[in-house]
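**Q** Start from the sequences, fold in the hints, and give me the full structure.
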Amino acid sequence: MKEILDVRNLTKKFKLTKKQQESKNIKTPYFAAVDHVSFKSYEGEVFGLLGPNGAGKTTTMRMLATLINASEGDALVNGHSIIAAPLEVRRNIGFLTNELKLDEFFTPNFHFDFFANLRGIPADIAARRKEDLFARFGLGPYADVRIGKLSQGNKQKASLAISIVHDPAIVIFDEPTNGLDVVTAKVVMDFLLELKKSGKSVILSTHIFGLLENLCDRVGIIINGKMVACDTVPNLAGENSLEAMFFDIYNKTTKEAV
Amino acid sequence: MGNVTLAVMKKEITRIFNDRKLLFAAVILPGILIFAVMQLTGMMTQMIGGIDDDHIYEIHAVNMPASIRAMLSADELQLNIIPATLADAPRIRQDIADQNTDLLLIFPPDFDEIVATFDPATAAVPAPNIEIWGNSVRNESAEARHIVQTMINAYHHSLTHRFSINLPTAEVPDGNFDLATAGDIMALLLGVMLPMMFILFIFTGSQALVPESVAGEKERGTLGTLLVTTASRKQMALGKVLGLLFFSLLSALGSFVGLMFSMDGMMPDTGDLLDNTGFMDIFSAMDIALIFLIAVSLSFFFVALLAVMSTYSKTVKEANAVTTPLTMVIMLGAMGGGLISSNSIAFALIPIFNSSINLTAIINAELNTLHVMITIGLNFVLAIVLTGVVAAMFSSEKIVFD
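Protein chains in written order, with the working numbering: chain A, 1 to 258; chain B, 1 to 402.
These are calculated hints, taken from the structure and not from any lab test.
As the structure is a prediction and not an experimental result, all values here were calculated from the model.
Glycine residues also receive a C-beta, built at the ideal position from the N, C-alpha and C atoms.
One or more hints might be untrue.
What the hints assert, rightly or not - Result set (DSBU-like, lysine-lysine): computed pairs, CA atoms no more than 35 angstroms apart in a straight line:
#, chain 1, residue 1, chain 2, residue 2
1, B, Lys-21, A, Lys-18
2, B, Lys-10, B, Lys-21
3, A, Lys-24, B, Lys-317
4, A, Lys-19, B, Lys-314
5, A, Lys-226, B, Lys-398
6, A, Lys-18, B, Lys-398
7, A, Lys-15, B, Lys-317
8, B, Lys-21, A, Lys-13
Said to hold, decoys possible - Which chain A residues face chain B? A few, computed with CB under 7 angstroms, are given here:
#, residue
9, Ile-26
10, Lys-27
11, Tyr-30
12, Phe-31
13, Ile-121
14, Ile-125
**A** This is the structure:
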């Protein structure tokens, strides 16, 4: 399989105030939210990032999406460095996170055309892609309804469709099924499988073990900013469930840290 | 202009057009409010201090000599001379105190004869005295005193001086030799008021829109969605600023129209000036073009300045709190042009103040071409630099995601 993502010692440090230092009991004036994380992902693979809240998953994804700068290390996205060629990286990725939202005053139709325009997609190609994606997500009847008036599920479907308006090689989804009902969550899961089948690489962050077991080829476990384990689901879980394996690793890691 | 700039600009314009509440609050409401407030102010001014045009002043006169009576009888003065006796004086004074009548004049008996023979160099007794009783609280009484005193002073001067200035004549019975036209009076008022209000309107128009559009995008999480695309930060910032500039100008225009319509109510004494003296009678096409260019460049500068402050803020509330004190600075600068008149180039280099000076100069027909060009150029340069700052801020993770 072709290597499409190569994360090398990616690190993100945030400055701390004296008050924060005291409350976190950290002696240095900075805090490593992501601490020398390395992993690879391949074409047609779904790679899952698993970890508790505050482990560094979202920060890692933000760095891969070039929204924030890495303090150390680098990552090659389809051969482009997130540090040296952020524009090329953005051209190659689709990024979906609950923190980045669509303007509630506009319709899915407007948003799709707007983002296609921003990404320089020719109008005819954008129109065909919109038709396909809106049909795939059942957004047709809601295409001209303002985002603010849509249900949570339809908002997420619209966000999904718009995040991949440019047909990227890699899609990075942070908690894509958060807050969704089971039916919409299933639609999202099925779509991620379709992306995988079509040869796209998916980087997925989620707390839902079932989603990881059903979708991911490999899983990386991040705890306290460090990648503590990374392998295929069967290799990681062995005879146990992924959930049991995770808590086993989590307990060991946190005890060691204490 | 890049594709991204146009797309973002179009989005900003569509966004505000779609938000009817914001559109009404930022573009239409200021004009309506200005009109309403000015009308109300005008009505109150008239209620408090106005005198009806056809008011006939009641002048009670004891021993009024023929010479003075002749002077005060001109129809234009609108004085009703009511003969009275010394015995009536206490009652009339009480009426004046009660604001029921306007004025009481008490002359010595045989005033004309005494004045004709009186020689201040040889006289053993004081000169004859005229008592003028009025009530300064009552506007009609104060105005009657002013008219009568002006006429008597003129008579006094004609008796004691070798020559006189502006004595009433048959042609000018009210002694008003001021040839200022309604247009001149209007231009004077506009010269003082308009630059300040014009600049403030442009600023408040921008202030209503920019925090919501820039800090609002951060607060709603929609700015990050834009930043994850391949669009250039510079073009994105420029598109945002230009889209907001469009509405800022619309807002300024709305306020300006409101002000023009409201002048009638605001200035009761020159109430019908605007009906007779149009904008085009005061300003040439070149003046209007320069005013427009100043407005555009100043709006651009304000929008970019507010965009920097709003990008720095985390929420719309914070942005409003940060930009509100700026209003005071803008007001000071906007007032400057009406208070200080100078051709110094140094003044053309002080933002806001330079626009105020130039607007005043245009209104007073004292335009300095170099000044106005420097002002417009400086506004554009500052706006472009500040737009660049916004673009740089869009690239700062601390500012966008903190």
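**Q** Against the structure, test the hints numbered earlier, and report the numbers of the ones violated in rising order.
**A** 1, 8, 9, 10, 11, 12, 13 and 14
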